[in-house]
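Knowing the structure of chain A, use the given hints to seat chain B on it.
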Amino acid sequence: MPTEKQPKSTDDLLRLLEDEHTFVTLEGGDALDTEMVINMGPSHPATHGVLRIVLKMNGETITQAIPELGYLHRAMEKLAENKSYHEFMPYTDRLDYMMPYSNNVALCLAVEKAAGITVPERAQVIRTIACELARISSHLLWLGSMVMDTGALTLFLHTFREREKIYDIFDLLTGARFTVSHSRIGGLASDISPETISALKSFIKQFPAQVQSWEKLLNRNKIFLQRTVGIGYIDAEMATDMGLSGPNLRASGVKWDLRKKVPYLKYDSVQFDVPTSTDGDSYARYYMRILEMYESVSIIEQLLDRIPEGPVRADYAKQVYPWKSEVYHTMEGLIHDFMLTDWGVCPDKGQVYHAIESSKGELGFFIQSDGTGHPWRLKIRSPSFVNLQSLPYLLEGSQMADTVVIIGSLDPVMGEADK
Amino acid sequence: MPVFEEILSRIQSDLSDSLLKSELYRGETTFYIKKQDIVSVCKKLKSDFGFNYLADVLGTDRFTDEDRFEVIYHLRNLTEAWFLRLVVLVDEKDLAVDTVSSVWKTANWEEREVFDMYGIKFNHHPDLRRMYMPQDFEYFPLRKEFPLIGIEGSIPLPAKE
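Those protein sequence lines, which keep their order, are chains A and B.
Residues in the first sequence are numbered consecutively from 1099, following my numbering.
Residues in the second sequence are numbered consecutively from 1297, following my numbering.
For the record, the hints were derived by calculation from the structure and aren't laboratory data.
What you were told as hints is all true, and nothing was included just to trick you.
Which chain A residues face chain B? A few, computed with CB under 8 Å, are given here: (1) Asn1180; (2) Gly1341; (3) Val1450; (4) Phe1464.
A virtual CB, placed ideally from N, CA and C, is assigned to each residue, including glycine.
Looking at chain A on its own, in the form it has when it is part of the complex:
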């Protein structure tokens, strides 16, 4: 029988709580009925970076949640206004640092649209392959950390083993493992080698079996299901209104994928499915990303066999950098290199917006050009920022322990959300 006691001091309270048969009441009534405010973050292992949330609790239930951003704000957009388009490229690596390759490509596509540059077929195919590889690598890290948020550490080691293989492929393809900066305005920094292609082929051959083994571990795992099914529900209408994008939106039943609806690169020439679910909970968001990994593998598989021959950088010296061999051995090459570094790509006066489907959602670059080599205004539409906006809606009414799972299922990256 539980006995009811009044603690005389804090030490007394802690001692009383050790006995599971004791029922402790505090002044002001039941401890679970009183409201309290909890501060979570900005340095918290489960917030995936430096996200701070102030939670108002009624017992174990969250009544109000206020996310605070800006702890990783590096003024990317201000920096962009003071740099040439090429100089800004390495900064985009540090936006969504889970998938640097796609960010480079997104910037390049926006600048190419503004400047009207046509990119050779071969470069486009390689970009598509690398973007899908980046998507897999991002989903791998997300899967590991999200499952870790529910309390299972093991899977993180498994996913990181696969991610390590992707790092190696990026090393072969771009010369860097992580912050690649491989895309160039008008093409790529270097061509794909036969060695990279065979490494890619052996990776995608063994990878689906790995995902299947993780699915076996998770899909019908009772603990995982109890932590995710029905947790953080959002319906299609609300998700659209809140501006969710990517797998978060598709998990709520909106079949929206920029790769299908507004095709860019080579996505209109490959067959792939856009997985959707109508469940709208954390489990649906988990499962969408799992299915997306299979689709990405299929896209890479289709494209690997038909990489066309040809150059990987447009031959247009006014706006596209010449190859280093030209710069070192020809006078024209040196002049063009000098002019481009000094003056930059000068798109015509006007404004363009180009968005890609990154692993988080719609990653868009808006460029307002005044005709000079620096953007007059460059705005990054970061999916993580907009996705995080739904956090108060998802959290309110749920339990304290579900906070980390809901944040994990949204897959925010603070480097991108804070810009």
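What follows is chain B alone, placed relative to chain A:
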């Protein structure tokens, strides 16, 4: 499925009272809207033309004497995959625009970001606080007169013991 060009001309005739000018550049249509009409225009675009998704709201600083700032809205219709850009010009003497957060909830944080970076106020906004910068920060960093290197003392360091 109606062709987007037809829809655009329909929008143009429906909104002719609020429309200042329209622009087509690189396949993207931009409508310049009168500032006082922005909420009613957005409501109409959402209900009559299915622009149910607000992709982005952003500000720009044109650094001109008149109509110095712009607030730009990127709208999407998710069923037909249409894209539309609305622009509102804001003069420095009257730095306020009506909020569209009643039309799309996305606008809440996006408008806070514009306020944070340019100091443009949004009337009737539910929670107009700074998005990234500290709440007591005095400047608007994306304005063109704000130096890249920052302003000394604008973010004080913790005092030494």
